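Chemist: The primary structure of each chain is shown beneath.
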Amino acid sequence: MDATLLLGLYRQMALCRRFEEAAAKAYSQGKVSGFLHLYVGQEAVAVGAISAAEPTDYVVATYREHAHYLARTGDARGAMAELFGKASGCSGGRGGSMHLFDAAHRMLGGWAIVGGHVPIAAGVAFASKYRDEKDVTLCFFGDGTANMGAFHEGLALAGLWKLPVVFICENNQYAMGTPLYRTLSVEDVAVRARGYPMESEIVNGDDVLEVREAVRHAVNRARRENLPIFIEAKTYRFRGHSVADPATYRSKEELRKWMERDPIRMLADRIQTLGIATEEQLGALDDEVKAQVQDAVEFAERTPAPEPDTVGEHVYA
Amino acid sequence: MPEPRVLTFREALREAMVEEMERDPSIFLMGEEVGHYNGAYKVSEGMLARFGEKRVIDTPIAETGFAGVGIGAAMVGLRPIIEFMTWNFSLVAADQLINNAAKLRYMSNGQFTLPIVFRGPGGAAHALAAQHSQALESLYAHVPGLKVVMPSTPADAKGLLKAAIRDDNPVVFIESEVMYALKGDVPAGEHVVPLGVADVKRPGRDVTLVAWSKMVHTALKAADVLTGEGIEAEVVDLRTLRPLDERAVLASVARTHRCVVVQEGWPFAGVAAELIALVAREGFDDLDAPPERVTNLDVPMPYARNLENVVLPSPERVVATVRRVLGLTEAPRRPAVAGRGR
Ligand SMILES: Cc1ncc(C[n+]2csc(CCOP(=O)(O)OP(=O)(O)O)c2C)c(N)n1
Ligand SMILES: [Mg+2]
Chain A
1 MDATLLLGLY RQMALCRRFE EAAAKAYSQG KVSGFLHLYV GQEAVAVGAI SAAEPTDYVV
61 ATYREHAHYL ARTGDARGAM AELFGKASGC SGGRGGSMHL FDAAHRMLGG WAIVGGHVPI
121 AAGVAFASKY RDEKDVTLCF FGDGTANMGA FHEGLALAGL WKLPVVFICE NNQYAMGTPL
181 YRTLSVEDVA VRARGYPMES EIVNGDDVLE VREAVRHAVN RARRENLPIF IEAKTYRFRG
241 HSVADPATYR SKEELRKWME RDPIRMLADR IQTLGIATEE QLGALDDEVK AQVQDAVEFA
301 ERTPAPEPDT VGEHVYA
Chain B
1 MPEPRVLTFR EALREAMVEE MERDPSIFLM GEEVGHYNGA YKVSEGMLAR FGEKRVIDTP
61 IAETGFAGVG IGAAMVGLRP IIEFMTWNFS LVAADQLINN AAKLRYMSNG QFTLPIVFRG
121 PGGAAHALAA QHSQALESLY AHVPGLKVVM PSTPADAKGL LKAAIRDDNP VVFIESEVMY
181 ALKGDVPAGE HVVPLGVADV KRPGRDVTLV AWSKMVHTAL KAADVLTGEG IEAEVVDLRT
241 LRPLDERAVL ASVARTHRCV VVQEGWPFAG VAAELIALVA REGFDDLDAP PERVTNLDVP
301 MPYARNLENV VLPSPERVVA TVRRVLGLTE APRRPAVAGR GR
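These protein sequences, in sequence, are chains A and B. With my numbering, you'll find the first sequence wraps up at 317, consecutive numbering, no jumps. With my numbering, you'll find the second sequence wraps up at 342, consecutive numbering, no jumps.
Hints listed in this document are in silico derivations from the structure and should not be mistaken for laboratory results. Quick caveat, the model's predicted, so the values are computed rather than measured. All residues carry an ideal CB built from backbone N, CA and C; glycine is no exception. Among the hints, erroneous ones may be present.
[To be verified] Examples of chain B residues toward chain A, derived with CB under 7 Å: (1) Glu33; (2) Pro60; (3) Ala129; (4) Gln131; (5) Ala188; (6) Asn306.
Using the sequences provided together with the hints, build the complete structure.
Modeler: Structure (structure tokens):
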């Protein structure tokens, strides 16, 4: 096992976790507003998948995209400042938690209408194919998205035109307060891919290496053969749908069982078992990450809000 | 007469649905999280327990699908209440509402009517950013074939929702996310408020403020401030945007000779513009000043709180506009913002 790789993945997942813990705290202090959807418990999916792509591959995600943004850009300051609604945020304070963009890093959002970004991701892949560029698009979405028309139309077109996009379903078992089994007529979201037609794979979304392997394989094929591939990562969100949701619709027992498979702890165990790092060394890495998040919070606090008279900027019609 | 009770807006809406569903078994409620979760905003709390899964139906996230299912069911005699978690998501189903629901009765030469209510919260809440803060009533009110209803008080919410459910035509019923906890007297017993009838929420002689939903309260706050300056504003609550109670608006303007429309949402081609066209055309001789409007700035909603506050209509902006309409100030017509904001 590659020690640098494992420690790098660990660091990224820890950054996502600490970032969101700090964001939740700032929310409770009234410094972050709006909807705040945490990815706590699901970090292995975004981190594993994005680590498997080239930095020039595109990332298109939902409103639950802090981790995707961080995994792609490493820019905790820009993300935190965005949550604080500051001009120094990655979307200038105009987007907030649900709309993180970074064109330079090919982080293409940040979309908050369920399913709407799925055809958009297909369109990004269309452009890559059109220009004969070998970039692949990663499209992330939740299990609850699998009944949306836009989801199906996006998959249909990607399948028809053989577009190089890897669709990654983050199956955290719930869409808001509704468990998947009450809204999905099939057991696995992955079977939906079959008719378009698209190969699919189901992975353990709490195992960052398993996600990474599957996405690496998919990205390579998408790039080489110009075709879409569908991956369903089974995972679980430890927090409510948003920080305002106490998540009373699920049992403590269920939550406890999933928290035993905390993706970060599982990776830490693996790293220690393999003798790559000791608990103390991982602790030091954690401290480093905490300092980075603290720095991001301080940056977000001290930089100014957008000037009111800029409100009309970027309005062209 | 039994005494009125104080209910929250959400309780009043629930009472309307419950009473109507008790009365008519062909009525059902369908939408995301309406059942087991008791409603994303708890409007339907307890309704699943009361009516069971047959009549309080949780859907997947599939707005085009369940809006269309509602229309199909209504074509053949059921009376669906379709809840959009917010009206922003109705845009996914705009095809069903605008192309299908609005057209059916006309293009079938009246062979079909469509007794269906689409309801849910619209407008901005707090810092929900561009995709979650839209006031879409002007868009739906643009379409012949859709009734558009927007209550401002719990009593109206109950009475108008009951009327909407009893109506044989598609009704777009837009509530407000930030008003669900608002309390107010609701008459006991049967209480139905007819669609298409405006209501004077505050009498006044100096200027007419036309508003609906949340903006009625913005207008009332402005009216309180203006009273301190010796200006008495009349607040006309449209309650229904389509069909529009033109007579009520014109009658008020005939009394006050001045008109300011307060509208959440964008100015361009909005309901406020329609009202100003009405007043200019039909009330021209009554006017002592050009009619004006206070609306959102003409921009997508920014996330940052300080920007959002600039975008949304405020009592202060209403007061400033009224002063101008009364010739008391020469405040700039447009707030000083860069770009095309106004
Ligand atoms: C079209 C549309 N309908 C409803 C919503 C409200 N909503 C936001 S997230 C969500 C649940 C999405 O679940 P899922 O796709 O599983 O993603 P997760 O939140 O679990 O990551 C809903 C219903 C929305 N944003 N867009
Ligand atoms: Mg989900």
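Chemist: Quick one, is the Asn306 of chain B hint okay against chain A at 7 Å, beta carbons?
Modeler: This interface hint holds because 5 Å falls under the 7 Å limit.
Chemist: Under the criterion of a CB-CB separation shorter than 7 Å, is Gln131 of chain B in contact with chain A as hinted?
Modeler: OK, holds: Gln131 of chain B within 7 Å of chain A, min 5 Å.
Chemist: When the nearest CB of chain A is found for Ala188 of chain B, is that gap smaller than 7 Å?
Modeler: violated, 33 Å
Chemist: Holds or violated: Pro60 of chain B as interface residue toward chain A, Cβ cutoff 7 Å?
Modeler: holds, 4 Å
Chemist: Let's test the interface hint: is any C-beta of chain A closer than 7 Å to that of Glu33 of chain B?
Modeler: Because about 6 Å separates Glu33 of chain B from the closest Cβ in chain A, which is inside the 7 Å limit, the hint holds.
Chemist: Grab the minimum C-beta distance from Ala129 of chain B to chain A and call the hint holds if it beats 7 Å, violated otherwise.
Modeler: Since the shortest Cβ distance to chain A is 5 Å, the answer is holds.
Violation of the numbered hints given earlier is confined to hint 5; every other hint is satisfied by the structure.
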